Structure formats: structure tokens, C-alpha cells
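Using this note's numbering, read the sequence shown as starting at 1096 and increasing by one per residue.
Please note that the accuracy of each hint is not assured.
No more than 25 Å apart at the CA atoms, straight line, and that leaves these computed lysine-lysine pairs for BS3-like [stated by the list, open to error]: (1) Lys1214 x Lys1184; (2) Lys1141 x Lys1309; (3) Lys1260 x Lys1300; (4) Lys1250 x Lys1162; (5) Lys1250 x Lys1318; (6) Lys1214 x Lys1281; (7) Lys1355 x Lys1260; (8) Lys1141 x Lys1192; (9) Lys1175 x Lys1260; (10) Lys1309 x Lys1356; (11) Lys1328 x Lys1362; (12) Lys1338 x Lys1162; (13) Lys1279 x Lys1180; (14) Lys1306 x Lys1250; (15) Lys1279 x Lys1214; (16) Lys1300 x Lys1214; (17) Lys1367 x Lys1356; (18) Lys1232 x Lys1175; (19) Lys1147 x Lys1260; (20) Lys1247 x Lys1162; (21) Lys1260 x Lys1180; (22) Lys1169 x Lys1184; (23) Lys1356 x Lys1330; (24) Lys1180 x Lys1147; (25) Lys1247 x Lys1333; (26) Lys1338 x Lys1356; (27) Lys1169 x Lys1247; (28) Lys1279 x Lys1212.
In case anyone wonders, no lab produced these hints; they're calculated from the structure.
It should be emphasised that the depicted structure is a prediction, and the values quoted were computed from it without experimental measurement.
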Amino acid sequence: MKLNFKSIKNLILCTILPLTILSMVFLSILSYSNSKNIISNEIEDKMKFQTKAISENIEKSLLSHKKIAETLSKTVESSKDIMPKDTYKNIVGNFIKTNDETFGTGIWFEPYKFNAKEKFFGPYCFKDGNKVVYTDKYSTESYNYMNYDWYKSAKSSTASCVWSKPYLDELSNITMVSTSAAFKDKSGNFLGVATADINLDRLQKMIADVKFGKTGKAILLDKDGNYITNPNKSKIVKMNITKEAENSLSTLGKEMLSNKKGTGTYKEGDVKKLVYYDSIPETGWIIALSIDQSEVT
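Take the sequences, apply the hints, and build the full model.
Dropping the structure here:
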């Protein structure tokens, strides 16, 4: 009996070759899937790390800044009765130099509490480039610093310091956040407020410079959901995330304000976004990093 080697060869080719090709295709798909999972995990890990790192960095900066207002308040309490008027100008000018993040420092007395002749006394210094500039333009009837939240909240609070909402200062035209500490006389009567201000430009630039993946971006919200930073600058201070027209984003915003830390998704047009967020304990602000979900799935 003669063996038909040609038939055997064809049989082997028809049986083994397809299996070999299928195995190679399967391994290629598996390798691609594993590689994509590795990349996805790396991006997610980086987002988690960056969210936490930014939160901790901002927290550290805010605590250093907060000490300016607290110490300024204690200085006024201990020295008010012996400190001449001109010394206040020197004090606010010196305190502002102790922290790079601090844009302005001020001491704001209740009406006629500095002396019986002056209704408004609010010495204030701010940074203009490398210079420290003194101004008394806030100590006027037209400005009336007692009407502002940063003053009223410190006056009514029992905390050592309070943080304002982000606001646009109408005289300097600078978007800022203020921390305020009340000072009192020896009998515990309210005399006024010491403040330290942060120019949000620097903070906004730091957040804008956060890069990860191809589509990653970051935002910062205050404790009520108002934008402190946003790639769309028209939303800063003027827009609240819970009022966004996109329902999935406004819903996520409410979850973020409630949960303080976690992950979520929303849609930007037809693009689904993945979000990691964390809170900043000192102020209750929330830092959020988002990326196209297609980059991580």
C-alpha cells in the first residue's frame, strides 16, 4: 500500500496551519489587551497620585497662608494700646514678606475702634511684582469694608480663622480668596479683622499646568461648587458646577460636593469623561482631574 504523502501534507497544512494562525491572532489580541490594560492602569494610578499630591500641596500652602492672618490678629490684640498709627503700615508690610503665596495683608478696625476720630482704619499692603505697596484706598466710606463677607464672616465666627469664597476685588480687579481672623480687646469685645489674601492667578496657573494623558485636565472648586479654576476662564468665580447645563456634569458636581473624594463620569458632548477627585480639608475645596474614558478603557 502506497502512502499518499501529498494528501498527508495537505491534511497537515489544512489542520495545523489554521490552528497556528488562530493561536498567533489570539496571542496578539491578548498581548494588545494586556498592554492596553497596563497603560490604562498607569494612567489611572497617575491620576490618583496627582489628585492626592495636588490636594496636599494646596493644603500645605493654605495652612502657611492662614498663619499670616492668625499671627497678625494676635499681634494687634497684644499691642493695640501701645502701637502708634504709623506702625500698622510697617506691620502689614512686613507680614506680607513672610510667605510667597500671600498677595495682600490688612488690618481692619470696627468704626471708631482705632480711635474716636476715625470711622475707617484699614491699613493694607499688597505685592506688585517684587515690590510691596501700601494703600489706604480701602479705608473709605465708598468701599466700606465692613459690608464684605470676609469681614462679616470673621466677625460672626467663633473659629480662629475663616476662608472667603473666591471673589473679584473691585479696586484691584484681581480674583482672590481671603482668610480672616478677628481680633478683640482684653475684655473679649470685637475690634476688627486681620486678613491675608491669595491672588488666584498663581493657583490657577498651577492647576492649568497639570498634564496627564492626551486629554487630561484639572479643575478646582470651592466648598460650594463655584469654580476657582477652569480651562474655560469665563466660568471662574461666576459659575457653579451644580448649575452646569450638561445634566451629567451638574449631577457629578453634586456627588463631588457630597462625597468629597471618589470617582465619577460625565459627558462632554459625545465624549465620556472619567473623573478622580479629592477634597482639601482646610477649606473644603475640591480638586478634580478628568480624562477621556477612551484613554483608560
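Going straight from one Cα to the other, do lysine 1232 and lysine 1175 come out at no more than 25 Å? Given that 25 Å is the threshold and the Cα spacing comes to 22 Å, the pair holds.
Hey, lysine 1367 versus lysine 1356, does the alpha-carbon distance stay inside 25 Å? At roughly 20 Å apart (the allowed maximum being 25 Å), lysine 1356 and lysine 1367 satisfy the hint.
When you check the alpha-carbon spacing of lysine 1306 and lysine 1250, does it fall within 25 Å? The given pair, whose Cα atoms are some 41 Å apart, is violated under the 25 Å limit.
Sort out whether lysine 1362 lies within 25 Å of lysine 1328, counting only the CA atoms. OK: lysine 1328 and lysine 1362 at ~20 Å, within 25 Å.
Are lysine 1247 and lysine 1333 close enough, with their CA atoms no more than 25 Å apart? holds, 21 Å
Decide if the proposed pair is consistent with the structure: lysine 1141 and lysine 1192, CA atoms, cutoff 25 Å inclusive. violated, 35 Å
Hey, lysine 1260 versus lysine 1300, does the alpha-carbon distance stay inside 25 Å? holds, 19 Å
Next pair to validate is lysine 1169 with lysine 1247; report whether the Cα-Cα distance is within 25 Å. holds, 19 Å
Mind checking the alpha carbons of lysine 1279 and lysine 1180 for me, to see if they're no more than 25 Å apart? holds, 18 Å
Verify the proposed pairing of lysine 1214 with lysine 1281, using a straight-line Cα cut of 25 Å. The hint holds at about 21 Å.
Holds or violated: lysine 1338 and lysine 1162, Cα atoms, limit 25 Å. violated, 34 Å
Pair hint lysine 1247 and lysine 1162, alpha-carbon separation not exceeding 25 Å: holds, 20 Å
Checked against the numbered hints above, the structure violates hints 8, 9, 12, 14, 16, 21 and 24; every other hint is satisfied.
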